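Residue numbers (the working numbering), protein chains in the order written: chain A, 1 to 121; chain B, 1 to 341.
Rather than coming from a laboratory, the hints here were simulated on the basis of the structure. These numbers come from a predicted model, not from an experiment. One should not assume that every hint holds.
[Unchecked claim] Simulated restraints, written as ranges between beta carbons of each label pair:
no.: 1; chain 1: B; residue 1: Ser299; chain 2: A; residue 2: Ala87; range: 33 to 43 Å
no.: 2; chain 1: A; residue 1: Val108; chain 2: B; residue 2: Ala290; range: 50 to 60 Å
no.: 3; chain 1: B; residue 1: Gln307; chain 2: A; residue 2: Ala39; range: 38 to 48 Å
no.: 4; chain 1: B; residue 1: Ala89; chain 2: A; residue 2: Ala39; range: 20 to 30 Å
no.: 5; chain 1: B; residue 1: Ala290; chain 2: A; residue 2: Asp90; range: 33 to 43 Å
no.: 6; chain 1: A; residue 1: Pro119; chain 2: B; residue 2: Ala308; range: 48 to 58 Å
no.: 7; chain 1: B; residue 1: Leu250; chain 2: A; residue 2: Ala87; range: 55 to 65 Å
[Unchecked claim] Over the 12 Å line for every Cβ pair with chain A, so calculated as not near, a few chain B residues:
no.: 8; residue: Glu92
no.: 9; residue: Thr244
no.: 10; residue: Leu256
no.: 11; residue: Gln269
no.: 12; residue: Ala318
Think of the CB as a built atom: it goes at the ideal place given N, C-alpha and C, for glycine as much as any other residue.
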Amino acid sequence: MKTIFIIDDSATMVMSLKSSLEIAGFKVETAADGELAMAKITAGLKPDLIITDINMPKMDGLELIRNARKVLRFTPILTLTTESQQAKRDEAKKLGATGWLVKPVSGVELVKVIRQVLPGA
Amino acid sequence: MNMKLPRRLLSWLGHWRKPAPAGMEPDCSAVVGMRELDVQLMRQLCRAVGLTEQSALDFIARVGDLRQLSTELICYLETARVKSDTMQAGIEMNSRVIQELASFVQTLPQQIAQERAHLRLLLQEVKSLAEMTDTIRGIARQTEILAINAAIEAARAGEAGRGFSVLAGEVRRLANQSNASAARIAHDIGALVHTVEVAHAGEFEVRARHNEAEAGRLGALTLKLDENFLDMRQFYAMLMTAVTQHNAELDRGIGLLLDTAQTQDVFKQIVDRVQPAIDSRNAVLAELIARLRSGQLDSVALTARAQALAPDYLAREAEHRDPDAAAGAAPGKPAPRIELF
């Protein structure tokens, strides 16, 4: 079973995504901000895919991508945010993000994207 | 319920809820009153966000319960499917047995009829045997007459016919014995035919006809039973299909409800972004109040800042435009909702 790591400071977002992904057969880990996410990654969590919000307290999504890439070089990282401007997309791409998704995203669409970037999922 | 106000807002409230200094000009008091309204509006908005967040969490938890029920139903269906397969195999075997039984039972009336025909044929043959004993008795009578005649002729011949007379006596005795045996056989066959005819014509015939009818009825019943098995199998398969389809729709519905809950986060972020806009507006107001207090009337730069407040806010909001809503609403091609690098 593939593990998806969701990082978002919105409890509703986390619960909604978690339920949708669990229905689709994924194991889900969560964190409320970038700092907590990095703590889990440093402690040894090796997810198959990361989905992160951009605007979060303590450590935002872009900073998280920058730090996570040092440890998880090949893990796909998707951003899921309300932000849609190109400049931030370009920055995320430069830092090593795999894709950019604008909220809200339906569970069906999200699972489709996950299966695209995670063959065999 | 988390009803905590953002730290920035609390600090702002602490600063601006101080009472206006004694002797402040009426215009300043009016502006302070407007700020107080802002504070209350933001507080209410934050409360609304808290309420929607709590509702969304409750909603997701309830949908989660539904999802749990749906999962349990899927597990039950899987168990039912396995049992159904076993039952199906049993039913198919039973059906084969019933079909064999039905075809056997269906042949029974014909078999019984054939047995009856064979019995009648046997009776005819036995009767023809009885007719043969009449022939034997006729021959025996003629042989006796022949022996009597031979004895008469032997007596006429005197001494020369003595030996022939003994032979004629033996022939006559043999003819008598043949006649007696034939009479006994005829009697026995007659008794047998009588016994068979009485039995065949009576209880045996009734029982045979009854068995024939029962066999026909059982044949029809076994065929009906097989049809019922088939109906039951089709109904069960249809039921399984309907329940599985219904559950898949329920699962899809739950997925859509979960998607809807994401809107709460979008709503929360829209409200969160109002705060910096109000902060900027309040900074302009603060400077305006300071100028009013100090009597500085030159406010061209301040007016320009005030006029830029709304465009700045809208520009920042544009960074969070929904790509679907932006399509056609703004010039240029909107960035896609989903982009893989």
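Hint by hint, here is what the structure shows:
1. Ser299(B) - Ala87(A): 33 to 43 Å: holds, 34 Å
2. Val108(A) - Ala290(B): 50 to 60 Å: Distance hint for Val108(A), Ala290(B) holds at roughly 55 Å.
3. Gln307(B) - Ala39(A): 38 to 48 Å: holds, 46 Å
4. Ala89(B) - Ala39(A): 20 to 30 Å: violated, 55 Å
5. Ala290(B) - Asp90(A): 33 to 43 Å: holds, 41 Å
6. Pro119(A) - Ala308(B): 48 to 58 Å: Holds, since Pro119(A) and Ala308(B) (Cβ atoms, about 50 Å apart) stay within the stated range.
7. Leu250(B) - Ala87(A): 55 to 65 Å: At roughly 43 Å between Cβ atoms, Ala87(A) and Leu250(B) fall outside 55 to 65 Å, so the hint is violated.
8. Glu92: holds, 34 Å
9. Thr244: Per Cβ check, Thr244(B) is outside 12 Å of chain A; nearest 16 Å; holds.
10. Leu256: violated, 8 Å
11. Gln269: It is violated; Gln269(B) is separated from chain A by about 5 Å at its closest Cβ, not greater than 12 Å.
12. Ala318: The claim breaks: Ala318(B) does not keep its Cβ more than 12 Å from every Cβ of chain A (closest is about 8 Å).
Checked against the numbered hints listed earlier, the structure breaks hints 4, 7, 10, 11, 12; every other hint is satisfied.
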